[in-house]
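Colleague: Residues per chain are reported as follows:
Protein chains: 2
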Amino acid sequence: MKAIIFDGALTIREDYPLPEPKEKEALIRVTMAGICNTDREIMNGYLGFHGVMGHEFVGIVEGAPEERRDLIGKRVVGEINCGCGTCEYCRKGLEKHCPSRTTLGIQGRDGAFAEFLTLPVSNLHLVPDNISDEEAVFTEPLAAALEISEQIHIKPTDSILVLGDGKLGLLCSLALGLTGARVTLAGKHETKLKIARNQHIDTLDVSTGKQNEEKAYDIVVEATGRADGFEKAMKLTKPGGTIVLKSTVASSSEMNLAPLVIHEITLVGSRCGPFDAAIRALEKRRIDVRPIISGIYKFKDAREAFDRAQAKESLKIIIDFR
Amino acid sequence: MKAIIFDGALTIREDYPLPEPKEKEALIRVTMAGICNTDREIMNGYLGFHGVMGHEFVGIVEGAPEERRDLIGKRVVGEINCGCGTCEYCRKGLEKHCPSRTTLGIQGRDGAFAEFLTLPVSNLHLVPDNISDEEAVFTEPLAAALEISEQIHIKPTDSILVLGDGKLGLLCSLALGLTGARVTLAGKHETKLKIARNQHIDTLDVSTGKQNEEKAYDIVVEATGRADGFEKAMKLTKPGGTIVLKSTVASSSEMNLAPLVIHEITLVGSRCGPFDAAIRALEKRRIDVRPIISGIYKFKDAREAFDRAQAKESLKIIIDFR
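Going line by line, the protein sequences match chains C and D. Per our numbering, residue 8 is the first one in the first sequence, and the count goes up by one each step. Per our numbering, residue 8 is the first one in the second sequence, and the count goes up by one each step.
Source of the hints: derived by calculation from the structure; they are not laboratory data. Fair warning: this is a prediction, and the values are worked out from it, not measured in the lab. Take every hint as true, because none was put in to throw you off.
It does not matter which identical chain is used: a pair holds within one copy or between any two.
Here are the computed lysine-lysine pairs in the DSSO-like style, where the Cα-Cα straight-line distance is at most 30 Å:
{"no.": "1", "residue 1": "K201", "residue 2": "K305"}
{"no.": "2", "residue 1": "K9", "residue 2": "K307"}
{"no.": "3", "residue 1": "K99", "residue 2": "K162"}
{"no.": "4", "residue 1": "K99", "residue 2": "K222"}
{"no.": "5", "residue 1": "K307", "residue 2": "K81"}
{"no.": "6", "residue 1": "K217", "residue 2": "K319"}
{"no.": "7", "residue 1": "K239", "residue 2": "K99"}
If we strip away everything but chain C, and leave its shape as in the complex, we get (with noise of 0.2 Å):
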């Protein structure tokens, strides 16, 4: 089958084998899959992966175990870790943190840049009909943005900064500002800013030299991925608030916690979030994901594909395996 291998260096193969389900396991067809900043920070080597990359898709399921077959022929996107089930994350459904956990196309796993791939059927959430491939890509991201408001209590009366106008920060903004919070997106790029100005979310243009206001925000979300970036919230967080950390900056740097315990700052961790709250907002028309896709290619053109996503302009970029 067609896929978009890394080892060593992106390599596009057309003759990659078929993957196997496992005991239930669905096999999917992939439609679409969407190139993530974490698909370039594993061509950089993070985790060391090889093979078949890519976590963000939808596609048809054309293989399921016996007790799914109800689930042949379904539109589905899936969640990306799957636990060895047994320990006491996965017990608790925190397969995420299984210890021993296999990630699509991240870790131990075939990912979704491919014709073909496999995950437990568990993993696997219905697409409803009024979400568009292109749209459904963006479940996974969307999820994730969520996790900010899963993990912690986000008041109508908090004042919330999102930094970094990339396409994290970009879905952060937007799905914090469904809780009726005041959102501030701040980033360097006037074009990606317009598109969270245009679904109600306040925004600052720090490339005209303004700055935020220190001390001033109850909540700050580090989406920079940028080393300096958490020196900067802990700047503009208030005493007693709150620093969500989404993105991870591989490399280390100097750095003084001192503040965090003077002014009692909370620094929450956030990653993968909830699918089925992602597919509600989608499917609500709560948040409009579709300005935020910079490009649609087609396998053939996978190369171009991630030279685009590359670009300091570019937002979303997908691959059409139709």
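Following the hints, position chain D against chain C.
Modeller: Relative to chain C, chain D alone:
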């Protein structure tokens, strides 16, 4: 009056001017005052404080505003943060986060290592008769330890590790022991660990080469005051767990926060806490702080007291102004 000053060096004076209470403030004759690690940090330049040091005390009210004459002659302890009374933090009862606050013996306000001090009457708490002066001195640090369960929900089923068997670590372990959770104190000093063990806290002497199990604790409290304490805490906390930072490490160090995101760990900065709960714990004999006292020194021996406080094996050193 007699006072212990930091003016670039530790200075002991007999002729320091008496403090004059401002509006709504009481004049308090100090009975006893405890030396805290923060005093050592001040002598290393923390916050650039110059003046009378000391913030852990018990004393007798000698002067009070007209409307609180009832306080005169009463034995009191006092909260150390004095807010402006009008900002958004003060209006919420969060004087400790008031941007223009003064803090007893730490910032903008002479402290407790003197015969007399002043504090707003609203900062004072009466000391029940069954609490001795030397026990009452622990109200402030015990309140800081109780701040942990004030900030986060500790469940009886939680497994908690406190790193560091100094005064702060000991008090944190004893305060957390009240919750019914499984609490382990890890440190390097058998004599200090024994104090916690005698009050039903599990202990681990890491100087023997034994290590705490990785990813095994729902909550890890960093109370070592060492720069590498936080990195260690990240290794020991369960995915989805919480790290509480109790000690301010003034120096910056190289660190990588990516594990917080990947394992969705929450980091909570924790400082001053509830005096009423600390007084109740002492009054009801739920925590015995007396074994934490390493020595009580008269004012004339203050310099010796400070030398003793610096020694590795020392715990609480108290200065007796009676």
